[in-house]
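Participant: Input sequences plus hints: build the corresponding full structure.
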Amino acid sequence: MASWIDDITTDNPVWLTRMDGHMGLANSLALKLAGINTLSEDPIGGAIMRSSHGEPTGLLIDAAMKLILPCIPEVSVDERREALLRASNLALTRGVTTVVDFGRYFPGASVEHSWEDLSDVYQWADSLEKMKIRVCLFFPMETWSRLLDLVKTAGRTLSNWIYLGGIKAFADGSLGSNSALFHEPYVDEPRNYGLEVMDFESLFNMTAASDKVGLQVAIHAIGDRANDMVLDMYESVISTNGKRDRRFRVEHAQHLLPGTAVRFGEQQIFASVQPDHLLDDADSATKKLGIDRAMRGSYLFRSLLASNAQLALGSDWPVVNINPLGSIRTAMKRVPPGWENPWIPAECLSLNEALIAHTISAARACFLDNKLGSLAPGKFADFVVLSTSSWDGLAVEGSASVEATYVAGTRAYPLEFTG
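Quick note: the sequence shown uses full-length UniProt numbering, first residue 1, plus one each step.
Just so you know, the hints here were simulated from the structure itself, not pulled from any lab data.
Every value quoted in this text rests on a predicted model; they were computed, and no experiment measured them.
Note that the Cβ used here is the ideal one computed from N, Cα and C, for glycine as well.
Keep in mind that the hints are not guaranteed to be accurate.
[Unchecked claim] Cross-link-like lysine to aspartate or glutamate pairs, in silico, EDC-like; alpha carbons within 20 Å at most:
1. Lys287 - Asp20
2. Lys130 - Asp120
3. Lys130 - Glu347
4. Lys132 - Asp101
5. Lys32 - Asp11
6. Lys130 - Asp149
7. Lys212 - Glu189
8. Lys287 - Asp245
9. Lys333 - Glu347
10. Lys371 - Asp101
11. Lys288 - Asp126
12. Lys132 - Glu397
13. Lys132 - Asp78
14. Lys130 - Glu112
15. Lys130 - Glu189
16. Lys371 - Asp126
[Claimed, not checked] Pair by pair, the computed Cβ-Cβ distance ranges are:
17. Leu39 - Asn370: 52 to 58 Å
18. Val75 - Lys371: 27 to 33 Å
19. His183 - Ser110: 29 to 35 Å
20. Trp339 - Val75: 36 to 42 Å
21. Thr157 - Glu74: 25 to 31 Å
22. Glu41 - Asp392: 53 to 59 Å
23. Leu69 - Ala208: 40 to 46 Å
24. Gln267 - Ser350: 23 to 29 Å
25. Ser40 - Ser350: 50 to 56 Å
26. Ser127 - Lys152: 32 to 38 Å
27. Thr153 - Gly393: 45 to 51 Å
Facilitator: This is the structure we're talking about:
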């Protein structure tokens with residue numbers, strides 16, 4: 001694999017990441033600088049892909065990326081601050097006023113990044129009145145005690161712009177990287193069932209400890225086995241720590257076995273799902289899982305709602321574009337590019353269901369439904385003005401766009417300029 005790029009990167013170490021952040025490709029020079037060779041061992045939760053002779057190919061999956069990431073220069077504070085301002089402006093053009101940010105935290109990445117961004121970027125912007133959208137921040141699970149200390153001293157609301165959400169962990173990888181964890185192997189890799197990115201015992205212990213002190217928990221799970229594993233763990237934690245309004249989250253919940261959607265409902269777990277992922281996954285899921293498995297358990301929006309599960313829809317930006325109008329249409333239509341018919345049409349949502357899942361349910365999923373998610377007395381007046389006055393028009397591709405976005409009753413996009 002490294003040979004793909006060696007010829008054009010002879011003199012420079014190069015590291016290319018896949019769009020989902022679960023896999024990357026290093027050229028031979030980068031592997032050498034990082035000390036990755038035939039003697040290197042796979043870290044827990046990761047894999048160094050190798051040739052038939054045991055030589056690293058350059059592909060590093062999930063936690064194996066930590067072997068090379070320390071060699072890569074850090075993005076400067078100024079660049080990160082500028083990125084926040086540009087990202088906020090883009091979000092406003094799409095009608096987004098609040099985001100849940102899991103930070104620069106992915107398998108193999110430093111747990112310090114999320115904390116650095118809180119102090120160096122978000123609190124900097126807040127102190128200078130540069131915040132344009134609200135953020136609900138989640139931090140790496142390994143740092144749960146640090147978050148608890150901050151909540152104790154500052155509360156969960158740092159300002160009208162910054163909220164402390166909870167902690168996040170990874171149960172598995174991604175479908176695109178063949179590291180999502182399944183009960184059955186990948187069709188295109190018969191010996192591969194995916195990766196358990198975090199040791200289950202450690203994941204359980206940290207989940208139980210953080211939940212016991214009242215922190216909200218969100219765990220990434222894509223494959224059917226990973227989802228079952230997380231639901232088993234949540235059930236055990238609830239039994240141990242007692243019932244309360246904890247709003248456990250499963251991020252993605254993309255592939256489920258028959259009956260698993262019912263478990264989401266029984267346990268009142270929030271399935272935090274991103275409809276636009278199915279536009280990319282429809283073809284690849286069939287190739288990787290086989291048509292029967294893919295059709296039986298992928299993106300079960302309707303099944304989750306029918307089971308009284310909590311469904312919160314979002315984008316997973318920057319893995320896919322931030323575009324709620326497009327995401328709403330995807331949840332309703334489920335027609336991937338190049339397809340004429342919906343993928344698993346029985347799982348399509350109505351317009352009203354998709355709107356609710358993108359608004360009040362998404363706010364409820366991070367304990368902000370008393371402030372956001374609907375227009376009601378006492379809440380922030382966050383709303384958008386669309387180019388159509390027809391609900392039918394909203395559901396038709398290209399027929400509706402965001403004309404204006406209001407944050408707390410003030411127009412934030414487009415800005416008015418007085419001369």
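Participant: Work down the list of hints and note, for each, if the structure agrees.
Facilitator: Cross-check of the supplied hints:
no.	hint	verdict
1	Lys287 - Asp20	holds, 18 Å
2	Lys130 - Asp120	holds, 13 Å
3	Lys130 - Glu347	violated, 41 Å
4	Lys132 - Asp101	holds, 14 Å
5	Lys32 - Asp11	holds, 12 Å
6	Lys130 - Asp149	violated, 26 Å
7	Lys212 - Glu189	violated, 40 Å
8	Lys287 - Asp245	violated, 40 Å
9	Lys333 - Glu347	holds, 9 Å
10	Lys371 - Asp101	holds, 18 Å
11	Lys288 - Asp126	violated, 45 Å
12	Lys132 - Glu397	violated, 28 Å
13	Lys132 - Asp78	holds, 17 Å
14	Lys130 - Glu112	violated, 23 Å
15	Lys130 - Glu189	violated, 48 Å
16	Lys371 - Asp126	holds, 19 Å
17	Leu39 - Asn370: 52 to 58 Å	holds, 55 Å
18	Val75 - Lys371: 27 to 33 Å	holds, 31 Å
19	His183 - Ser110: 29 to 35 Å	holds, 32 Å
20	Trp339 - Val75: 36 to 42 Å	holds, 38 Å
21	Thr157 - Glu74: 25 to 31 Å	holds, 30 Å
22	Glu41 - Asp392: 53 to 59 Å	holds, 58 Å
23	Leu69 - Ala208: 40 to 46 Å	violated, 29 Å
24	Gln267 - Ser350: 23 to 29 Å	holds, 25 Å
25	Ser40 - Ser350: 50 to 56 Å	holds, 51 Å
26	Ser127 - Lys152: 32 to 38 Å	violated, 22 Å
27	Thr153 - Gly393: 45 to 51 Å	holds, 49 Å
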